[in-house]
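To convert, take the position in the sequence shown, counting from 1, and add 34; that gives my numbering.
Calculated from the structure, these hints are not laboratory results. Incorrect hints may appear among the rest.
[Claimed, not checked] In silico PhoX-like pairs for lysine-lysine, Cα to Cα no more than 25 Å straight-line:
{"no.": "1", "residue 1": "Lys-68", "residue 2": "Lys-287"}
{"no.": "2", "residue 1": "Lys-289", "residue 2": "Lys-75"}
{"no.": "3", "residue 1": "Lys-287", "residue 2": "Lys-75"}
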Amino acid sequence: MTAGAPSDERLAARTVGTAGPRVVFVHGLFGQGKNWTTAAKGLADGHRVTLLDLPNHGYSPWTDRVDYVDMAGLVAAELESFGEPVTLVGHSMGGKVAMQLALRRPELLRALVVVDIAPVEYPVSGGRTNDPDEEASPFDAFITAMRAVDLGALRTREDADRALREAVPSTMVRSFLLQSLVREGVASGRWRWRLNLETLQRDLGELRGFPDPPPGATFDGPVLWVAGANSHYVLPEDRPRMEELFPHTRLVKVKHAGHWVHSEQPEVFLRTLQAFLAAVEH
Numbered sequence: 035m036t037a038g039a040p041s042d043e044r045l046a047a048r049t050v051g052t053a054g055p056r057v058v059f060v061h062g063l064f065g066q067g068k069n070w071t072t073a074a075k076g077l078a079d080g081h082r083v084t085l086l087d088l089p090n091h092g093y094s095p096w097t098d099r100v101d102y103v104d105m106a107g108l109v110a111a112e113l114e115s116f117g118e119p120v121t122l123v124g125h126s127m128g129g130k131v132a133m134q135l136a137l138r139r140p141e142l143l144r145a146l147v148v149v150d151i152a153p154v155e156y157p158v159s160g161g162r163t164n165d166p167d168e169e170a171s172p173f174d175a176f177i178t179a180m181r182a183v184d185l186g187a188l189r190t191r192e193d194a195d196r197a198l199r200e201a202v203p204s205t206m207v208r209s210f211l212l213q214s215l216v217r218e219g220v221a222s223g224r225w226r227w228r229l230n231l232e233t234l235q236r237d238l239g240e241l242r243g244f245p246d247p248p249p250g251a252t253f254d255g256p257v258l259w260v261a262g263a264n265s266h267y268v269l270p271e272d273r274p275r276m277e278e279l280f281p282h283t284r285l286v287k288v289k290h291a292g293h294w295v296h297s298e299q300p301e302v303f304l305r306t307l308q309a310f311l312a313a314v315e316h
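Build the full structure now, drawing on both the sequences and the hints.
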């Protein structure tokens, strides 16, 4: 699949719940729709919840470039198929995709939830603050380490975990990355990444940015902006730009959470999301 390909090449999607308003989740870099399974199960009693795999991730097709506007277009095609507006939830890279979609196709959304990301450009190297504890843009190092794993010689997932340990010291993050390492068939035992690592690494600069929206574009629906209190992805200086593009934004900071808010504080995240959905749906 190439960038700008026709929408008959669909994103991989899984839906839980059979009745109620629609909620759609989009994951961040290196993620998959299944990262949102806990939240989806928590909502499924009263919602139809769709978990998407973005291009170059999970079971979705690979593209020849990584571009936010293209990704937003592919997600929009999925939302169009529902025939009704949805609440769109996006984390990190997926949050930028969701914001781009909201600014370009606002009629497809009832509401927007942006998790630990802002509509701004992030540094290619170094951090955003003077805090010595801030983790400085680790993603290039993560990809380099994943590409360096000798998949032909790999025997177990534990071997891959050991190979990533130096570049990815966090056990939680290694576990997250290794969800995309899969074995193709019991007989061959061949391992592969369900990530287009080469293209993602080449286009990391695109992912750090935020394309200019159409002139004068705003999304005037309700927006919940969730940030990890220990994360540096959402800073006070990001608020004016967020409120310029999304004038009805409510910011919630989740204590004891970093960038992966929904994984680090799943119960708090779910309660926060449920309260927001109750407000916008009634």
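We went through each hint and held it up to the structure:
{"no.": "1", "hint": "Lys-68 to Lys-287", "in the structure": "holds, 24 Å"}
{"no.": "2", "hint": "Lys-289 to Lys-75", "in the structure": "holds, 23 Å"}
{"no.": "3", "hint": "Lys-287 to Lys-75", "in the structure": "holds, 23 Å"}
Violated hints are absent here; each numbered hint is respected by the structure.
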